[in-house]
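Asker: Sequence:
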Amino acid sequence: MRVLSSLTVAVLLAIAPAAFGAERPYVAVEQRFNAEQMKATGLDTLSPQQLALLNELLSQEQTAAVAEATKAVRSERKGLLDRGDVEPVQSALKGEFRGWSIGTVFELENGQRWRVTEGSLFLGKPVPPPKVTIKPGLMGGWFLEVEGQTPKAKVRRLD
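Under mature numbering (1 follows the signal peptide of the UniProt record, and there is no 0), the letters of the sequence shown match residues -21 to -1, 1 to 138, in that order.
I should point out that these hints are in silico values taken from the structure, not numbers from a laboratory. Check before you lean on any hint, since a few could be wrong.
[Claimed, not checked] With a cut-off of at most 25 angstroms between alpha-carbon atoms, the simulated BS3-like pairs for lysine-lysine come out as follows:
hint: 1; residue 1: Lys131; residue 2: Lys104
hint: 2; residue 1: Lys131; residue 2: Lys110
hint: 3; residue 1: Lys110; residue 2: Lys73
hint: 4; residue 1: Lys104; residue 2: Lys133
hint: 5; residue 1: Lys114; residue 2: Lys131
hint: 6; residue 1: Lys18; residue 2: Lys73
hint: 7; residue 1: Lys73; residue 2: Lys50
hint: 8; residue 1: Lys50; residue 2: Lys114
hint: 9; residue 1: Lys73; residue 2: Lys104
hint: 10; residue 1: Lys18; residue 2: Lys50
hint: 11; residue 1: Lys73; residue 2: Lys114
hint: 12; residue 1: Lys73; residue 2: Lys131
Quick caveat: nothing in here was measured; it's all calculated off a predicted structure.
Using the sequences and the hints given, assemble the complete structure.
Answerer: Below, the structure is given as structure tokens:
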């Protein structure tokens, strides 16, 4: 059986809460272990400066692990109830505008692409690229509003 170094054990204990998504503040090594555990792991031989440095490094590692885990969970849940960015999007359409129906894909000047999932609008003649605002709705929905037009289209981001 492989023996883990005291530093490895300390690091694993420090980042374990982060791996499970817990957002707890870092607890110093001296508060986690009793005297017997400190001696068994060899942590009792560290000077106060070394112990302070170890706690600082473990705290930074925990913070980084929490940030990475949060990012991974958000990317896996993209489009589900985790809303992530809920700020309205303001841009303009690329190309002329003729209206929309279910399945229409709009490309915005900012590079985003959105597909219409509900609603329809037909304009008799094309208009120059209008400004648009895409606002969050309830339950993860987004609604596209075209400048000068009353109906809104329910849309979903493609990228």
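Asker: None of the hints should be skipped; say for each whether it holds.
Answerer: Tested hints:
{"no.": "1", "hint": "Lys131 <-> Lys104", "in the structure": "19 angstroms, holds"}
{"no.": "2", "hint": "Lys131 <-> Lys110", "in the structure": "13 angstroms, holds"}
{"no.": "3", "hint": "Lys110 <-> Lys73", "in the structure": "10 angstroms, holds"}
{"no.": "4", "hint": "Lys104 <-> Lys133", "in the structure": "22 angstroms, holds"}
{"no.": "5", "hint": "Lys114 <-> Lys131", "in the structure": "10 angstroms, holds"}
{"no.": "6", "hint": "Lys18 <-> Lys73", "in the structure": "67 angstroms, violated"}
{"no.": "7", "hint": "Lys73 <-> Lys50", "in the structure": "31 angstroms, violated"}
{"no.": "8", "hint": "Lys50 <-> Lys114", "in the structure": "23 angstroms, holds"}
{"no.": "9", "hint": "Lys73 <-> Lys104", "in the structure": "16 angstroms, holds"}
{"no.": "10", "hint": "Lys18 <-> Lys50", "in the structure": "37 angstroms, violated"}
{"no.": "11", "hint": "Lys73 <-> Lys114", "in the structure": "19 angstroms, holds"}
{"no.": "12", "hint": "Lys73 <-> Lys131", "in the structure": "18 angstroms, holds"}
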